[in-house]
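Peer 1: Please arrange chain B on chain A, whose structure you already have, making use of the hints.
2 protein chains.
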Amino acid sequence: MTSADHIRDTVRRYVETVGTGTAADVVALYREDATVEDPVGSEVRVGHAAITEFYAAIESLDTSTELLSIRVAGNSAAFNFRVITRFGEQTFTLEPIDVMTFDEDGRITSMRAFWSQDDMVVS
Amino acid sequence: MTSADHIRDTVRRYVETVGTGTAADVVALYREDATVEDPVGSEVRVGHAAITEFYAAIESLDTSTELLSIRVAGNSAAFNFRVITRFGEQTFTLEPIDVMTFDEDGRITSMRAFWSQDDMVVS
Chain A
1 MTSADHIRDT
11 VRRYVETVGT
21 GTAADVVALY
31 REDATVEDPV
41 GSEVRVGHAA
51 ITEFYAAIES
61 LDTSTELLSI
71 RVAGNSAAFN
81 FRVITRFGEQ
91 TFTLEPIDVM
101 TFDEDGRITS
111 MRAFWSQDDM
121 VVS
Chain B
1 MTSADHIRDT
11 VRRYVETVGT
21 GTAADVVALY
31 REDATVEDPV
41 GSEVRVGHAA
51 ITEFYAAIES
61 LDTSTELLSI
71 RVAGNSAAFN
81 FRVITRFGEQ
91 TFTLEPIDVM
101 TFDEDGRITS
111 MRAFWSQDDM
121 VVS
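Line by line, the protein sequences give chains A and B. So for the first sequence, UniProt numbering puts the first residue at 1; every next one is plus one. So for the second sequence, UniProt numbering puts the first residue at 1; every next one is plus one.
Looking at chain A on its own, in the form it has when it is part of the complex:
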């Protein structure tokens, strides 16, 4: 089993690369056969190609991110983070709670993001 510190480190890098990295940077943190369900209840994306498509859609946006809290249990983590997206004159702030599982090498094997449009704050 991967250590709690390793998991925390991967989550920190995930939040950071979602804010400043490319889609490829983010996807490199996932295992090849990983799954992404964002938001929970939507279609599950399976594998690097489908996951790359997902992050490519947000890659070009002007975003900044911050990890707010993280809890590690076994080979899983739940964490709350802030994503601020600037688009023209407007700022969109979202604070999802994500749940991830990890393999023995600390790679993400699944991600599920809990949020809805109601949680988006526009200013």
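The set of hints was computed from the structure by calculation and includes no laboratory data. Ideal Cβ placement from N, Cα and C applies to all residues, glycine included. One or more of the hints may lead you astray.
What the hints assert, rightly or not - Computed beta-carbon distance windows for the label pairs:
hint, chain 1, residue 1, chain 2, residue 2, range
1, A, 122, B, 87, 42 to 48 Å
2, A, 103, B, 109, 25 to 31 Å
3, A, 117, B, 105, 22 to 28 Å
4, A, 58, B, 88, 48 to 54 Å
5, B, 32, A, 117, 32 to 38 Å
6, A, 92, B, 13, 27 to 33 Å
7, A, 54, B, 2, 24 to 30 Å
8, A, 62, B, 28, 46 to 52 Å
Claimed, not checked - These stretches of chain A come out as covered by chain B in the derived footprint (C-beta under 8 Å, 3 or more residues):
hint, region
9, 38 to 52
10, 65 to 79
11, 96 to 102
Stated by the list, open to error - Over 12 Å on every C-beta distance to chain A, these chain B residues come out as not near it, computed from the model:
hint, residue
12, 10
13, 13
14, 15
15, 16
16, 28
17, 47
18, 58
19, 61
20, 65
21, 86
22, 88
23, 104
24, 106
Peer 2: Quick look at chain B alone, frame taken from chain A:
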């Protein structure tokens, strides 16, 4: 599907009854065949009898609780809450992130709590 407001209301009542209610009060929020995994990675408790046993263990403690944040997605919720337990001269503070699923009537069908001993703050 139960509404997001109904889910939020059930989570608020859950956090409140964990702080001030009896084990029976908490268990009444769960469907008869519900599952509890607390913390994630530990044995899964199935059904009202096993879940009652779990909450009975904390029923007599002097605790207070507060909901910190909640995200609803589909028939699921993830939320961060604070549990403060006073025991003699010491205060134990824990802020787990829980994930729950709900049935059509807003009853909890599963709960998974993300936290570890490392997250416990003793003061």
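Peer 1: Would you mind marking each hint as holding or not holding in the structure?
Peer 2: Verification of the hints:
no., hint, in the structure
1, A/122 to B/87: 42 to 48 Å, "holds, 45 Å"
2, A/103 to B/109: 25 to 31 Å, "holds, 28 Å"
3, A/117 to B/105: 22 to 28 Å, "holds, 24 Å"
4, A/58 to B/88: 48 to 54 Å, "holds, 50 Å"
5, B/32 to A/117: 32 to 38 Å, "holds, 33 Å"
6, A/92 to B/13: 27 to 33 Å, "holds, 31 Å"
7, A/54 to B/2: 24 to 30 Å, "holds, 28 Å"
8, A/62 to B/28: 46 to 52 Å, "holds, 48 Å"
9, 38 to 52, "holds (count 3)"
10, 65 to 79, "holds (count 10)"
11, 96 to 102, "holds (count 3)"
12, 10, "holds, 15 Å"
13, 13, "holds, 19 Å"
14, 15, "holds, 15 Å"
15, 16, "holds, 20 Å"
16, 28, "holds, 25 Å"
17, 47, "holds, 22 Å"
18, 58, "holds, 18 Å"
19, 61, "holds, 21 Å"
20, 65, "holds, 16 Å"
21, 86, "holds, 22 Å"
22, 88, "holds, 26 Å"
23, 104, "holds, 15 Å"
24, 106, "holds, 16 Å"
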